[in-house]
Structures are given as structure tokens and as C-alpha cells.
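Sequences listed follow chains A and B, in order. Just so we're aligned, residue 1 is where the first sequence starts under our numbering, counting upward by one. Just so we're aligned, residue 1 is where the second sequence starts under our numbering, counting upward by one.
Read the hints as simulated data drawn from the structure, not as lab findings. Cβ coordinates follow ideal geometry from the N, Cα and C atoms, glycine included. A couple of the hints might just be wrong.
Claimed, not checked - Short derived list, chain A residues pointing at chain B, Cβ under 10 Å: (1) Trp40; (2) Leu96; (3) Leu106; (4) Ala157; (5) Gly163; (6) Gly177.
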Amino acid sequence: MNVQSEGRREQAGVSMPLLSLFWVFCRIGAFSFGGGLSGWVYREVVLMRPWMTEEEFLSALAVSQILPGANITNLAVCVGLKRGFIGASVAVCGLLMVPFFAVISLFSLYNQVAGLGWLTSALDGVTAAAIGLLLMTVWKGGRSAVRNISSGLALLATFVMIGILHWPLVPVVFGVGILSVAAAWPRKSKDA
Amino acid sequence: MREGILWPLVLTLVGFSLSSFGGGPSIFAPLQHQAVEVQNWVDSREFVEMFAISRAAPGPGSMLVTLIGWRLDGWVGALIATLALFVPSSILCYGVARVWNRYRGHAWHAALENGLAPVGVGLIMAGILAIGQIAGNGVLMWIIAVASAGILLYRPKFSPVLLLCAGAVVFMIAGPGFHA
Numbered sequence: 001m002n003v004q005s006e007g008r009r010e011q012a013g014v015s016m017p018l019l020s021l022f023w024v025f026c027r028i029g030a031f032s033f034g035g036g037l038s039g040w041v042y043r044e045v046v047l048m049r050p051w052m053t054e055e056e057f058l059s060a061l062a063v064s065q066i067l068p069g070a071n072i073t074n075l076a077v078c079v080g081l082k083r084g085f086i087g088a089s090v091a092v093c094g095l096l097m098v099p100f101f102a103v104i105s106l107f108s109l110y111n112q113v114a115g116l117g118w119l120t121s122a123l124d125g126v127t128a129a130a131i132g133l134l135l136m137t138v139w140k141g142g143r144s145a146v147r148n149i150s151s152g153l154a155l156l157a158t159f160v161m162i163g164i165l166h167w168p169l170v171p172v173v174f175g176v177g178i179l180s181v182a183a184a185w186p187r188k189s190k191d192a
Numbered sequence: 001m002r003e004g005i006l007w008p009l010v011l012t013l014v015g016f017s018l019s020s021f022g023g024g025p026s027i028f029a030p031l032q033h034q035a036v037e038v039q040n041w042v043d044s045r046e047f048v049e050m051f052a053i054s055r056a057a058p059g060p061g062s063m064l065v066t067l068i069g070w071r072l073d074g075w076v077g078a079l080i081a082t083l084a085l086f087v088p089s090s091i092l093c094y095g096v097a098r099v100w101n102r103y104r105g106h107a108w109h110a111a112l113e114n115g116l117a118p119v120g121v122g123l124i125m126a127g128i129l130a131i132g133q134i135a136g137n138g139v140l141m142w143i144i145a146v147a148s149a150g151i152l153l154y155r156p157k158f159s160p161v162l163l164l165c166a167g168a169v170v171f172m173i174a175g176p177g178f179h180a
């Protein structure tokens, strides 16, 4: 078991060059307006590259949201981690580099350029397309994540409590997560 | 002088970094209180301006702190503020995720992943509603969102950059008339 998982980890390391890792997160960072770019991360690391499996990505996403910090930087850490501390640092630096300079440039420009109305429209358009990426993630991820009634209920409960009732995130994710994990827990008889 | 200005900023932001459960937006209220009322780093008008600008720029909305650092001490302040906010939470996440990955292959690890995956999907669905409100929640927004999802499902290799730019162009042409 140990040898096998070691081999798998090494393989994942080989197929994840630091430069592509940096480039992937650099592009995502440059376009991450108004949030919602986890759909893009899903596309890059699950669909386009063999960096993560569906379950790995989706559970990393849940963990990224529970932990303190911006969800997208935590997700970058979870992806980059496969190349160790360097990989995680490269992913986060890639993600934040363009925004760092962009936010300062925009702030410096702000007082000189009157009226950024067209910019607001453009940003809303970017956000709309980003929602499309999320819809795609829900469609594909949902079909692999929902295996039975209990996982379907966990999905529905999380969506209703957070999205519609606006209950606080951390207790909801812990509560629903514990029940959902308990339902997925291996039965004693199958353990051996 | 410089240390005198930046140390309180670093200490404040490291604390926020490690307690910002639920992501960046959860720090806005306490940040406003510290920056405007307690430490007087910026006045309330500047804070609102910075909030709008960090929302219009790419990156996590919490990069508002980069601007507060910039305002206090130029490039050095901006860099230090950004690091103070993003490094502590990233290191914590790194530690948790490493422990998580160490147990890959165990039956209970698979149970955790399988149990958390539907929660992750539910969170994305909730996020769609929340983000939709930022983009105005109009008919045009949903048309573009559904069209983008359709394009990606039928042509998985379609460039997301192109898709996001197309969304921006459609919205600029259609103008704000389509909102709400």
C-alpha cells in the first residue's frame, strides 16, 4: 500500500512541472474577478491535466472553504502541494502576482481617470462567464460526487443552508460533512 | 518610523489571516473597524474607494489590504500587507492538506473524500447564487452563464480566457440596460 501510494505521488510530481503550475495559476489569477474561478481550477487540474482526481479536487475545495483564508489561495495550496512546499508557494505566487500589480495600478489610475462605468460592465460580463465555468463544474462534479441518496442529500442540504438560508459556513460544512462522511464510512465487515 | 507604521498592520493582518473562516469577505467588517476607526490608516471614504477598486481588479477581494499597505508605505507596504494576509492562512492550509494527503489510500480517507465531495458541489452551487448577485443577476448574465457552460461541456478544450473576454464584450455592448 505504502509503496503504491509513494509511486503515485512521484508520478503526480513528474507530471506537474513547476512552470506549468505557475502559468496555470497566473492566468487564473489574472482573470479572477468577483470570485468563482474554482470552476477554472477544476478544468485545468482535473479535466485538462491529470493533477487531481474528481474526489480529490472536490474534497480539497470543501477543505479550502472551511479553513481560514481566501478560498482560491487555499485551493492553490492544495493543488501545488503535490510538488511540496515549493509547489504550493509557486501556485500561490502565480495566483497573486497579476492581481497585486493590477490593484495598485488601478488605484493609482483611479484619481486620474474619471468614470469607470464601462469597466464595471466588462467585469460583470467576466463574472457571468465564470458562473458558466461553475455550472460546468456542478454538472460534471455532481455526477461523480453523488453516488447514492445520502450524498445527494448532503449536496442538497449544503446548497440550501448556505445558498438560500445563508447559515454560517463553518458549522454547516462541519455538520453536513460529518454526517456525509459517516454515511460513506466503510462497514466493519468490508474493512478487511 | 517605517517599522512604527507597518508593525501594527502586520500584526492585525496576521490575526485576520488565521481567523478569516469562510474566506476573504469575512474580514471586511473587522478590517474596516481597525483601518478606519482604531488605527486611522485610511479615512472611511478612502476605505470605500479601495473596496470598490479591489472588487474591480482581479484577485481575491481581500487584496484591499494591498492598497492599505500601499497607502501607508508604497511598494514595501503593499508587499508586506499582502504577505501578512496570505502567507499565514496558506501555511496553515499547507499543514492540514499535507496531513490529509499522508493518509491517502486508507479506507477512511476515501470515506472522507467521498463524504466531502457532495458538500464541495453544494458549496459551488451556493457560490453561484452569491456571485450571481455581484454580477447583477440579470437575464443576460444567466444567458451568458448557461451558454458558457454549454460551450465547455461540448468543447472541453475551449479557452476559458476567450470565454471570459467574450462575456466582457457582450456586457459592454449590451450595456447596463440589461441588468436587474
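Hints, verified against the model:
1. At its closest, the beta carbon of Trp40 of chain A sits 5 Å from a beta carbon of chain B; the interface hint therefore holds under the 10 Å criterion.
2. The interface hint given for Leu96 of chain A holds, since its Cβ lies 6 Å from the closest Cβ of chain B, which is under the 10 Å cut-off.
3. Hint status for Leu106 of chain A relative to chain B: holds, with the closest Cβ pair at about 5 Å, below 10 Å.
4. Annotation: Ala157 of chain A was flagged as interfacial toward chain B, and the flag holds, the nearest CB pair being 7 Å apart, inside 10 Å.
5. For Gly163 of chain A, the interface hint holds, the least distance from its beta-carbon to any beta-carbon of chain B being 3 Å, beneath 10 Å.
6. A distance limit of 10 Å between C-beta atoms decides the matter here; for Gly177 of chain A the minimum to chain B is near 5 Å, and the interface restraint holds.
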